[in-house]
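Undergrad: One letter stands for each residue in the lines below.
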Amino acid sequence: MSTSRLSLLLAIALMVSALIGIAMYTNSEVKPTPELEEATVVFPTSLEAIEDHSEAPAMEIQTWRTEAGTKVLFLPTEQLPMVDFRLTFNAGSARDGQLPGLARLTNAMLDQGTQALDVTALAEAFENIGAELSLDSHRDMAVAALTTLTDEPILNKAVDLFTQVLSEPSFPEENLNRLRTRTLQQLKMQQQTPGPQLSRAFQAALFKEHPYGHPAIGTEESLNQIDVQALKRFYHTYYTAANATLAMVGDLDRQQAEAISEQLTASLPQGEAAPELPPAQIQTAEAVHIPFNSSQTHITLGNQVVGREHPDYVPLFVGNHILGGGGFSAILMDEVRQKRGLVYGIYSTISPMAAAAPFTIQLQTANHNKDEALTLTLSLLREFVEKGPTDKQVALAINDLTGSFALGTASNSALVGQLSVIGFYDLPLDYLSELYEALQQVDAQAIQEAFAKHLNPEALVMASIGPEAPKEEILHEQDE
Amino acid sequence: MLKRCLLLLLFLCLQPSFAWASSTSQPNTHSYTLPNGLELIVKEDHRAPVVTVMVWYRVGSIDEPNGMTGISHMLEHMLFKHTKHLTPGEYTELVARYGGRTNAFTSYEYTGYYQEYEASRLPLALELEAERMANLVIHEDEFYREAKVVHEERRQRTDDNPNALAWEKFSAILRPGTGYAHPVIGWQRDIEGFAPSQAQAWYEQWYAPNNAVVVVAGDVEAEHTAKLVQQYFGALEAKPLPHRPKPQLAPPAGERRLQLKLGVQVPTLLMGWNVPSLATAENEKDFYALLMLAGVLDGGYSARIERHIVREQQLAAGAGASYQGIAREDGLFTISATANPGVSLQTLEAKLLEEINTLAKTPPSQEELERVRAQVLANKVFSQDSVCGQAMELGYYAMANIHWQEAEKFADKLANITPEDVSRVAKQWLIPERSAIAHVQPQVQEEE
Chain A
465 MSTSRLSLLL AIALMVSALI GIAMYTNSEV KPTPELEEAT VVFPTSLEAI
515 EDHSEAPAME IQTWRTEAGT KVLFLPTEQL PMVDFRLTFN AGSARDGQLP
565 GLARLTNAML DQGTQALDVT ALAEAFENIG AELSLDSHRD MAVAALTTLT
615 DEPILNKAVD LFTQVLSEPS FPEENLNRLR TRTLQQLKMQ QQTPGPQLSR
665 AFQAALFKEH PYGHPAIGTE ESLNQIDVQA LKRFYHTYYT AANATLAMVG
715 DLDRQQAEAI SEQLTASLPQ GEAAPELPPA QIQTAEAVHI PFNSSQTHIT
765 LGNQVVGREH PDYVPLFVGN HILGGGGFSA ILMDEVRQKR GLVYGIYSTI
815 SPMAAAAPFT IQLQTANHNK DEALTLTLSL LREFVEKGPT DKQVALAIND
865 LTGSFALGTA SNSALVGQLS VIGFYDLPLD YLSELYEALQ QVDAQAIQEA
915 FAKHLNPEAL VMASIGPEAP KEEILHEQDE
Chain B
44 MLKRCLLLLL FLCLQPSFAW ASSTSQPNTH SYTLPNGLEL IVKEDHRAPV
94 VTVMVWYRVG SIDEPNGMTG ISHMLEHMLF KHTKHLTPGE YTELVARYGG
144 RTNAFTSYEY TGYYQEYEAS RLPLALELEA ERMANLVIHE DEFYREAKVV
194 HEERRQRTDD NPNALAWEKF SAILRPGTGY AHPVIGWQRD IEGFAPSQAQ
244 AWYEQWYAPN NAVVVVAGDV EAEHTAKLVQ QYFGALEAKP LPHRPKPQLA
294 PPAGERRLQL KLGVQVPTLL MGWNVPSLAT AENEKDFYAL LMLAGVLDGG
344 YSARIERHIV REQQLAAGAG ASYQGIARED GLFTISATAN PGVSLQTLEA
394 KLLEEINTLA KTPPSQEELE RVRAQVLANK VFSQDSVCGQ AMELGYYAMA
444 NIHWQEAEKF ADKLANITPE DVSRVAKQWL IPERSAIAHV QPQVQEEE
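Keeping their order, the protein sequence lines are chains A and B. The numbering of the first sequence is the working numbering, which starts it at 465 and goes up by one. The numbering of the second sequence is the working numbering, which starts it at 44 and goes up by one.
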């Protein structure tokens, strides 16, 4: 329940974040053995005492389909008297149609009143039992999640309220108007800082007319067109049992879990699963710039690669980790930040989605360094695509990625997130173990070939924001 | 995922009204003090085979003299570089080699470092932190290059974000004459003038076992952990630390007002009151009552600010209150809000003050207090879901010199707070002489 409020307070939160200076460091310079300061000292001495291997996560995910047609993924964890429910609908902004912002507003309206309770009574009812409702909307997914204690009366009450939110939202017009005003204010606040404006411009350039191409928050024009009828239509089309996946992690037994999954989905609207989205296309080279009075120039560049369904995804995933994804041990951080101090942050990402898998690099640098930083970044990318990583870099990345699997499955909240992704994207239940095994098979050649095949560094989409655009010819300059 | 642990910390700092509550009655928490003064807190949590190791130093930006603002944060960056046994890059390479994550944070009152791993890596994490505690090497060229990075960080976080800039300027009048009046990242002129010798001196002065707390949480055994800590940190020598006066409540600074014209598009209101913290409260009850006051105002979507200001009167697109009562020195009660179109900051301010005055005159209902407590109790359980979050909490209390056993009593003590107590602290502490208020307006008026 607090998420929507918190998202609005983000701007305020940001100013308080000045409380915390975060060091983000990396250096991928791989040295085979630590330097010996004195002939007899070997550092660290603890390596003998620790395990040098890691294990694939063993998750016994249970699955079934409710009578209404919702796929359920369930993982019992009994140590804490709490449970996390996460319903994902194939109802993200890709389903906005002609009204950008519709998916996000529909999602945000779920806690604004039900047939039985108005917005305040509903909030009081959840808060009286300490249960936390959260709503969220992405490009593919719309999410409704609940965290509650599992003591019997509290659990029953929380599940009843959650069922109401999912099945009987009343979409009161005055609350729509209030959330619309709030969203319009958020749009204005996005004009205050470079990041959100750049992100919007890059999405538009990368996806064009594709359903991922418009801003999920909406536009001033579209937001003013959204009415209660549009919300209800969207809800009845996309918040259906057949279009939902339910992930549950916590202190429930199978019988309880089945009963709750039935209760939560029985009264959802009837309807079909959403049709598949058209696949996003690889774009030709393009550069867009937004003039903005900032002290840094922000640059995002990238293009489509391939997602989880493709055999080259795992080599791309490991390659991305080496190039710029593994924050602390990535080439881009090492060269652009560590060795030259040109940026505070520089990262690359592959984001596998239902109908796209963009590879992107993002950096922010003082205006007078923009051309130097961009030239360097592009030459590093070109070199990586051409030559691939070293064997040592690959070995380090595999150790890093496989060794940290335990961290990604260590809490109920982490697990429910994993289950949600597995369920929503129709991945095999043992996806994480499969990935774990596949990671270990990747070598430098596979990475180089996958990058060379799927990413052309001479055909990148680039968006930038700052007082002046970077020199466009940098994008097309062949490196020596 | 990398940043999740830090987000938890940010949450602790932003929402202290609930952060404290998540401490829990744990028979599985153990604390030790080494002969050299190093404190160790171990939280056993065997749910998953992972461990978080943190070292918290009792030094932050409030300790910095004029001309050296931001040096704690700058030094934090240098700890990822060069040490006696590690050349630049080797620290992060070792962490990656063993599948770990690492990062650090600097705040007003502390500087903290953490590593997260699969649990068997505990000895490595401790050995690396012991190395960083005692054997830092600062090279001139690395230092100046890193100062450029910090300069970029400042541009990104503050200079290009008008709300962050507003907060920085507001902070300068919020706690005048204290170390809280300058930003954690430092004034730009100081960052530009940083010298390696300043960071070296700062390290030598504050990085010592007797100024640090090691927190270990996760799938570990306490006694074994204590032996390992003794093994790696036991030989480090305590240092004489600068004298720190006993924290005491500052007299009212007087009513302060600030008008800011910045590159914001939405007018924003910032209000703060200098109030006691648990450390400076003459009457401990004030701390709990102020927590409850923050809960009644902003403890959820049904609390007064959301209900009255955001929903019923529709004056603000967003608004929130928070009480920072866990602190080394005085506490702070803040309210911030972004105005809706057509609502002046004067009106917004008046209506928010009216909420406080109403509470000062008429105690809140028992039901409201119960609702805050219900959320606090549920959060005690939810917060145990994250190993890293539990380590964060333990360190956070330790930095405010609050023993974890004391923190465990918070929820019970909160239960003794009456509606009249809440009313009394609103009346006693949220007064003009203790307040600072900033109106942040767009530079260019939209209508000519």
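Derived from the structure by calculation, the hints contain no laboratory data. Glycine included, every Cβ here is placed at the ideal spot set by N, Cα and C. One thing to keep in mind: the hints can contain errors.
Stated by the list, open to error - Stretches of chain A that chain B covers, calculated by requiring three or more beta carbons in the stretch to come under 8 Å of a beta carbon on chain B:
| no. | region |
| --- | --- |
| 1 | 622-631 |
| 2 | 751-764 |
| 3 | 784-793 |
| 4 | 837-845 |
| 5 | 864-876 |
Claimed, not checked - Just some of the chain B residues that point at chain A, by a computed CB distance under 10 Å:
| no. | residue |
| --- | --- |
| 6 | Leu169 |
| 7 | Arg350 |
| 8 | Ala458 |
Stated by the list, open to error - Pairs of lysine to aspartate or glutamate, DMTMM-like flavour, derived with a Cα cap of 25 Å:
| no. | chain 1 | residue 1 | chain 2 | residue 2 |
| --- | --- | --- | --- | --- |
| 9 | A | Lys803 | B | Asp184 |
| 10 | A | Lys803 | B | Asp202 |
| 11 | B | Lys394 | A | Glu638 |
| 12 | A | Lys672 | A | Glu684 |
| 13 | A | Lys856 | A | Glu913 |
| 14 | B | Lys423 | A | Glu596 |
| 15 | B | Lys127 | A | Glu512 |
| 16 | B | Lys404 | A | Glu588 |
| 17 | B | Lys191 | B | Glu247 |
| 18 | B | Lys127 | A | Glu799 |
| 19 | B | Lys191 | A | Glu836 |
| 20 | A | Lys621 | A | Asp717 |
| 21 | B | Lys423 | A | Glu773 |
| 22 | B | Lys328 | B | Glu463 |
| 23 | A | Lys696 | B | Glu355 |
| 24 | A | Lys672 | A | Glu836 |
| 25 | A | Lys696 | A | Glu685 |
| 26 | B | Lys423 | A | Glu638 |
| 27 | B | Lys212 | B | Asp202 |
| 28 | B | Lys423 | A | Glu588 |
| 29 | A | Lys803 | B | Asp233 |
| 30 | B | Lys470 | B | Glu413 |
| 31 | A | Lys917 | A | Asp717 |
| 32 | A | Lys696 | A | Glu736 |
| 33 | B | Lys404 | B | Glu355 |
| 34 | A | Lys803 | B | Glu174 |
| 35 | B | Lys456 | B | Glu325 |
| 36 | B | Lys456 | A | Asp615 |
| 37 | A | Lys803 | A | Glu836 |
| 38 | B | Lys191 | A | Glu922 |
| 39 | A | Lys803 | B | Glu325 |
| 40 | B | Lys470 | B | Glu247 |
Undergrad: Each hint: holds or not?
TA: Hint check results:
Coverage of the region 622-631 of chain A by chain B is violated in this model, with 0 residues showing a Cβ closer than 8 Å to a Cβ of that chain against a need of three. With 4 residues having a beta carbon nearer than 8 Å to a beta carbon of chain B, the region 751-764 of chain A meets the requirement of three or more and the stated coverage holds. Using a Cβ-Cβ cut-off of 8 Å, 4 residues of the region 784-793 of chain A lie near chain B, which meets the minimum of three, so the contact claim holds. Given as covered by chain B, the region 837-845 of chain A fails the check, having 0 residues with a CB less than 8 Å from a CB of that chain where 3 are the minimum.
Here the region 864-876 of chain A counts 13 residues with a CB under 8 Å from a CB of chain B, which clears the bar of 3, and the coverage holds. The closest approach between the C-beta of Leu169/B and any C-beta of chain A is roughly 7 Å, which is under the 10 Å cut-off, so the hint is satisfied. Checking Arg350/B against chain A by beta carbon gives a least distance of about 6 Å; that is within 10 Å, so the hint holds. The beta carbon of Ala458/B is not positioned within 10 Å of any beta carbon in chain A (closest approach about 14 Å), and the interface hint is therefore violated.
Taking the CA atoms of Lys803/A and Asp184/B, the gap is near 10 Å; set against the 25 Å cutoff, the hint holds. Using a Cα cut-off of 25 Å, the hinted pair Lys803/A and Asp202/B holds, with the two alpha carbons roughly 24 Å apart. Among the hinted pairs, Lys394/B with Glu638/A is consistent with the structure: their alpha-carbon atoms are about 21 Å apart, no more than 25 Å. Of the pairs offered as hints, the one joining Lys672/A and Glu684/A holds, with about 19 Å between alpha carbons and a cut-off of 25 Å not exceeded.
Between Lys856/A and Glu913/A the CA atoms are separated by roughly 17 Å; this keeps the pair inside 25 Å, and the hint holds. Note on Lys423/B and Glu596/A: the hinted pairing holds, with a Cα-Cα distance of about 13 Å set against a maximum of 25 Å. Taking the CA atoms of Lys127/B and Glu512/A, the gap is about 20 Å. The hint holds against a cut of 25 Å. A distance of roughly 24 Å separates the Cα atoms of Lys404/B and Glu588/A; the hinted pair therefore holds under the 25 Å criterion.
Distance restraint check for Lys191/B and Glu247/B: the Cα-Cα separation of roughly 23 Å lies within the 25 Å cut-off, and the hinted pair is therefore satisfied. For the proposed pair Lys127/B and Glu799/A, the alpha carbon gap of about 23 Å is at most 25 Å, so the pair holds. Taken as a hint, the Lys191/B and Glu836/A pair is honoured in the structure, with Cα atoms around 15 Å apart against an allowance of 25 Å. For the hint linking Lys621/A to Asp717/A, the alpha-carbon distance of about 18 Å falls within 25 Å, and the restraint holds.
For the suggested pair Lys423/B and Glu773/A, the alpha carbons sit about 41 Å apart, so the restraint of at most 25 Å is broken. The straight-line distance between the Cα atoms of Lys328/B and Glu463/B is roughly 12 Å, inside the 25 Å bound, and the hint therefore holds. Between the alpha carbons of Lys696/A and Glu355/B the distance comes to roughly 24 Å, so the proposed pair stays at or under 25 Å and holds. Under the criterion of a C-alpha separation no larger than 25 Å, the hint pairing Lys672/A with Glu836/A is inconsistent with the structure, at around 29 Å.
Distance hint between Lys696/A and Glu685/A is fulfilled; the C-alpha atoms sit about 20 Å from each other, no more than 25 Å. For a cut-off of 25 Å, the pair hint linking Lys423/B to Glu638/A is broken: about 36 Å separates their Cα positions. Using a Cα cut-off of 25 Å, the hinted pair Lys212/B and Asp202/B holds, with the two alpha carbons roughly 12 Å apart. Proposed proximity of Lys423/B and Glu588/A is supported: the alpha carbons are some 19 Å apart, at most 25 Å.
Our distance criterion of 25 Å between C-alpha atoms is met by Lys803/A and Asp233/B, whose separation comes to about 23 Å. At most 25 Å may separate the alpha-carbon atoms for a hinted pair to count; Lys470/B and Glu413/B meet this at roughly 21 Å. Taking the CA atoms of Lys917/A and Asp717/A, the gap is about 48 Å. The hint is violated against a cut of 25 Å. Of the supplied pair hints, the one linking Lys696/A and Glu736/A holds, its CA atoms being roughly 16 Å apart against a limit of 25 Å.
Distance restraint check for Lys404/B and Glu355/B: the Cα-Cα separation of roughly 21 Å lies within the 25 Å cut-off, and the hinted pair is therefore satisfied. Restraint check: the Cα-Cα separation between Lys803/A and Glu174/B comes to about 23 Å, which is no more than 25 Å; the hinted pair holds. In summary, the hint linking Lys456/B to Glu325/B is supported, as the alpha carbons are separated by about 16 Å, within the 25 Å threshold. The straight-line distance between the Cα atoms of Lys456/B and Asp615/A is roughly 23 Å, inside the 25 Å bound, and the hint therefore holds.
Distance restraint check for Lys803/A and Glu836/A: the Cα-Cα separation of roughly 13 Å lies within the 25 Å cut-off, and the hinted pair is therefore satisfied. In summary, the hint linking Lys191/B to Glu922/A is not supported, as the alpha carbons are separated by about 30 Å, beyond the 25 Å threshold. Between Lys803/A and Glu325/B the CA atoms are separated by roughly 52 Å; this puts the pair beyond 25 Å, and the hint is violated. Simply put, Lys470/B and Glu247/B have alpha-carbon atoms about 45 Å apart, too far for the 25 Å limit, and the pair is violated.
Against the hints set out earlier in the document, violations occur for numbers 1, 4, 8, 21, 24, 26, 31, 38, 39 and 40.
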